[in-house]
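Okay, here's what each chain looks like letter by letter:
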Amino acid sequence: MSELRLATRRSPLALVQASSVQRRLSEFGVTCVLVPLETRGDHHAQVSLDQLGAQGVFAVEVQLAVLNGDADVAIHSAKDLPSTTPDGLSLTCVPERLDAADVLIGRSLAGLGPGATVATGSPRRRALLLERRPDLRVVGLRGNMATRFAAAGQSDVDAVVVAAAALERLGRMTSPPNASTPSGSCPRSAKALSRSRSETTMTRRSSCCRRSTSLTP
Amino acid sequence: MTALVAERAFLSELGAGCSVPCGAYARVSGNEVALSGVMLSVDGARSVRAVFHGDEPRELGRSLARHLRDERGGGDFAGWQRTL
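Chains as they are written, first to last, in the working numbering: chain X, 1 to 217; chain V, 1 to 84.
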């Protein structure tokens, strides 16, 4: 069997995710090579997701690589995927789900003083934060995990929101969160905020689904 | 995969990617899916939530989305608009 080409975003987190899929496939005897790609969302990191507008800004280029025959399989974070799958592609498999919670880096929600500033680029996270703490000042933030960690250390931002699963994948979690409850307890510096959808999924060309390797029971 | 199908059906029914404030989270136990959903106004001042149970994930996602949007008033939130 020839090498299976796995298309992925090229961010450090995406590469960690793709590498874990690569390892799982190797356990089934499938040799894989990663095809890292820059997406529109990565390229325009200074533009808010609202302004970028269209869905799939982190997924389209990765999906196109499969449609164009430059890769056999695409690996995505589920939240990056448009809610409809393009013709010619199908969602084929989902690895085990990690903790689905969002967490705050910097201070816990209770530890944030009145009017504190929290950074997130996600309208969902922003609305969920303001629902519980209307006093907070929520500012936009885009960029990869390194950017967000850097922002959390700046004097004008008290906390940033990230996915617990991202911390776990990058090995940044100081202790494991309560995996059974998305709104449950988290490490001191990372307070559970709400649920998000944190899964890695694979899409591949419908026409080349001859191998059916399931990563989950 | 079942959980993801239910969650994506919810988002698809609302025409939502990651740019409007709504979310869904599914848990699967045996054949049953428990799907929690939320729709919020942009400023978080208004929200509607519900949990639906069922064994057909796609229909579960769609019906939960319709319930929150059409019967619970989620579609009327200021700043919330269907994108499809």
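Source of the hints: derived by calculation from the structure; they are not laboratory data. Note that beta-carbon positions come from the ideal geometry of N, C-alpha and C, so glycine has one too. Be careful, since some hints might not be right.
With a Cα cut of at most 20 Å, we get these calculated SDA-like pairs of lysine to any residue [claimed, not checked]:
#1 Lys79/X x Val42/V
#2 Lys79/X x Leu15/X
#3 Lys79/X x Asp76/V
The following residues of chain X were derived to be distant from chain V, with all beta-carbon distances above 10 Å [claimed, not checked]:
#4 Arg10
#5 Gln22
#6 Arg40
#7 Leu109
#8 Pro114
#9 Thr117
#10 Arg126
#11 Ala127
#12 Glu131
#13 Thr201
Which of the listed hints are broken here? Result: hints 3, 10, 11, 12 and 13 break, sorted rising.
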